[in-house]
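Place chains B and C on chain A using the hints.
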Amino acid sequence: MQLNVNGRNHEVDVEPSTPLLWALREQVGLTGTKYGCGVAACGACTVHIDGAAVRSCVMPVSVVAGKRITTIEGLAKGNVLHKVQKAWVDHEVPQCGYCQAGMIMAVVALLRDKPRPTDADIDATITNICRCGTFQQVREAIHAAAKA
Amino acid sequence: MNARRRFLTAAGCFAAGAPLALLAREARATPAEMAEAIRQVTGGAPVRAGRVRLDLPPLIENGNSVPLSVAVESPMTPADHVRAIHVFTEKNPLPNVVSARLGPRAGRAMLATRVRIADTQTVTAIAELSDGTFWSGSMQVVVTLSACLEEGLI
Amino acid sequence: MTAMPKINRRSFILSTAAVGGGLALGLRLPFGPEVVLAQDGTPEINAWVVIRPDDTVVVRVARSEMGQGTITGLAQLVAEELECDWAKVTTEYPTPGQNVARKRVWGDFSTGGSRGIRTSHDYVRRGGAAARIMLTQAAADQWKVPAAECVAANSVITHKPSGRTVRYGQVAEAAAKVPAPDAKTLQLKDPKNWKIAGKPLKRFNTVDKVTGKQVYGFDFKLPGMLNAAIKESPVFGGKVKSFDAAKVSGMKGVRRVVQVGDTAVAVVADTWWQAKTALDALPIVFDEGPNAKVSSASIAEILKAGLDAEQAFVGNQNGDAKAAIAGAAKKIEAVYSYPYQNHVCMEPMNATARYTADKCEVWVPTQDGEASFAALLAASGLPADKCEVYKLDLGGGFGRRGAFQDYVTQAVQIAKQIPGTPVKLLWSREEDMRQGRFHPVMQCKLTGGFDAANNLTGLHMRLSGQSILAAVRPAIVEKQGGRDPLSFQGVADAGEHAIGYGFPNLLIDHAMRNTHVPPGFWRGVNINQNAIFIECFMDELAHAAGQDPVAFRRKFMEKYPRNLAVLNAVAEGIGWDKPAPRGQHRGIAQMKAFDSFVAAACEISVQGGNKVKVHRIVAATDCGYAVNPAQIERQVAGSFVYGLSALFMQECTVKDGRIEQENFHTYNSMRIAQMPKVETIILQPGGTVWGGIGEPTICVAAPAVLNAFFKATGRRIRSVPLKNHGIELV
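Read top to bottom, the protein sequences are chains A, B and C. If you're matching positions, the first sequence starts at 1 in the numbering used here and goes up one per residue. If you're matching positions, the second sequence starts at 1 in the numbering used here and goes up one per residue. If you're matching positions, the third sequence starts at 1 in the numbering used here and goes up one per residue.
Simulated from the structure, these hints should not be mistaken for laboratory data. Ideal Cβ positions, reconstructed from N, Cα and C, are used throughout, including at glycine. Just to be clear, a hint being listed does not mean it is correct.
Stated by the list, open to error - Distance condition first, Cα-Cα at most 30 angstroms in a straight line; then the derived DSSO-like pairs of lysine-lysine: (1) C/Lys-199 with A/Lys-83; (2) C/Lys-202 with A/Lys-86; (3) A/Lys-67 with C/Lys-252; (4) C/Lys-613 with A/Lys-114.
Stated by the list, open to error - Which bits of chain C does chain A cover? Going by a derived footprint, with three or more residues having C-beta under 8 angstroms, they are: (5) 271–279; (6) 636–642.
One chain only, chain A, in its complex shape (with noise of 0.2 angstroms):
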């Protein structure tokens, strides 16, 4: 099976029902994409397929063949961060860091649907469980990537 990851092609032999989330990690050796919960509840695995923000513990890698997908690997352009990724270094946000990930996944993909987003569209979208407690300087990092 074919698998597009950040723009290039990876040949997987994967189970077709074995998460995407796996086979990124084991098979296609991207580990930037972490595992939480496994039951889409904690958003550490968010990537995207095509430009849409997706929990990868319970997408089937059958499912996402032939689709663009994109990890928190391909967000920067070279040396040259994502504004994202730019703000949450700016605003200190990482704690431990292992949610952050799929945090900023989620949010890249936020600021796609709505470039200036509100506290509400925040706190209805962005729904991932961080641990350390980061959400303040979350919510500092997305107004300030906002307006970047």
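Frame of chain A, contents of chains B and C only:
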């Protein structure tokens, strides 16, 4: 569940009774008590450092059952052998944790066993030789304290 | 990723001295005595500081970074005394094996108890100061001038009379040979003059965390590595009876099906998904053992009986509270309770191990590298010089990854069965939820007595519930005659967790009731429930006496000026003496914990009697000295997410001897929509004691919110989590 936890749970159900009197006594040795226990074995004779190799893990997670080995340099002949090996601790409730009598028929002056290590401390092994001399080897062992307790805080 | 230094074995000999026991360091070096080389060949100036020819400063940090900013803070302290250019500072983790071999030159590795900075600041600063002195001396020696005429600043040494300068990188090799000064004689800088410490400097590794490059234990890879999924007896104390490996051995990718210790079974496969899929299909029969009938209800009954039991361990007392209460004109009594809770780190437990008869290595995210090493020694049976632990970055610790190294033990037990092959053991979220080390279950009966003039004459706080130390560190409980001193955190008679009130007659005691559920240190530990118990009851007492909660508290705080200062700071910050915004109600709480004084005041509104919105929290922390204020702010706000999630949503219930909650749908956590605005006030009065940051504030948000809830609705909630009362955080 180990015996200690069962005991504490049971004790909680009694009104001030015998088991609690046991618990109420402060139960730990001190370096002075260890020195005295050593003196009891050596009779006051001088103890020289050397010839005794004491092996314990330097870091211990669970002090309940720790592998310990002692090896003494000795030809183990009738004329020249190890009579006994004793192991002492500074902080266990009773300072003398192991005493083993040997003799030339033992073949090797070695013992390997498991002991309980109550806390971070120095452990000392003393070998009594057939010529009446005493030799020792020591080791510092650390019981890795729980994430919320600094050494010596409690 | 934080690098791990290797001692260059060509340049020195590590010898184990048979005589006298223990490990002794014997060094034969081209550079002279006591000089150790770092992995890249650069001589260490001392164990704390390596400086490369290009002026890069490598600071060794023994504690673990888990998002709390400790590694940056410690580096700031070293850099401050070292007088180096902060832009050139990087950090490195020494390994526990190296620490043992070098007689614990880096001290304690354990990162917990909010201790990372407050208990190591002194010796790491001395390490930095010593290195600065040696560098200065080396420059002075080269110039043949007195060291006193030289000054070090920003990685440059200047000879004042002549103006000559030299960079640190140029004299580092020579500095490594200068005899180290006596650490005790070193003069450390007055924090008032700090230029690097005390500043909100940016943390290391942030770019890696936002680009997916940061490698956590879950992500670790080695060539030829296999992956393992594990299931341990869900009933604590149960054992493996049998399992039918044949049913899954033929599944794709499956290499081995192994028993792990007495209590668990693992499937080892090419990928973790294959291992997990096979494990889910593997029939396992557990002998559930003696605890298969235990339930939350049966536990609660035992705890309830303890509330009135004759025997209890006393934690704090003065006067005769029972007599005062017996003779009181008015008595107020309340019973509170607090449940089992799981840490729920975002990254589930994991460890990677490789075992051969000659060497056993573990790669693990851990709060205590030495505890991991100890577990490795015990599980492998190999001597220390054949073992090593490499610390990886943690996706959350919170107390789960310090004292408890069960995943290391398991990984080694699996690896021992496949010698030579590295095995990465990952827990599923379900396994992580079931095999926690749980915040202990506790009930509390509080009784207060008033005289006819509404003065409080006596207070009895009886705790009934589980002791953590009885299970985890029984030697301490033994030393104290059966008592667990940690049970009194926040209400103790003295020390880092001393109570912040002086009552005329006081008795605080604990009827210890242990269960088969394994307890652990959950961020804040016992201050979480004790803060709810005492701070909510203080509000109940104030209400009974017809007094304002803040004014009522102040009466007992004359001898507790630092507690009073944080209480007043948040009262002022929230505008306690002015009306709250329309529809909002306020609550307040204070406590001393981990040698810091903390308080919180909140504003909430309640819709429909049960939908709670927390609008704003004003928090104050007096930690003595603030090494990085930006990190403190983040820790305070973050601790409220942890604490309020617990308050509203989190309980681990026991049924048929096992934990029922297996994932976030039954054990939820806060989302951004529910996050209140948090304002942090930092007080830095200085003094001799440094307070902790990672934990203290976690305990004051919950009682503040509970107290506000009473103001809003007239309902006094005394058991947690609030979802059990139909109350929701919106």
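Under the constraints set out in the numbered hints, which ones does this structure not fulfil? none
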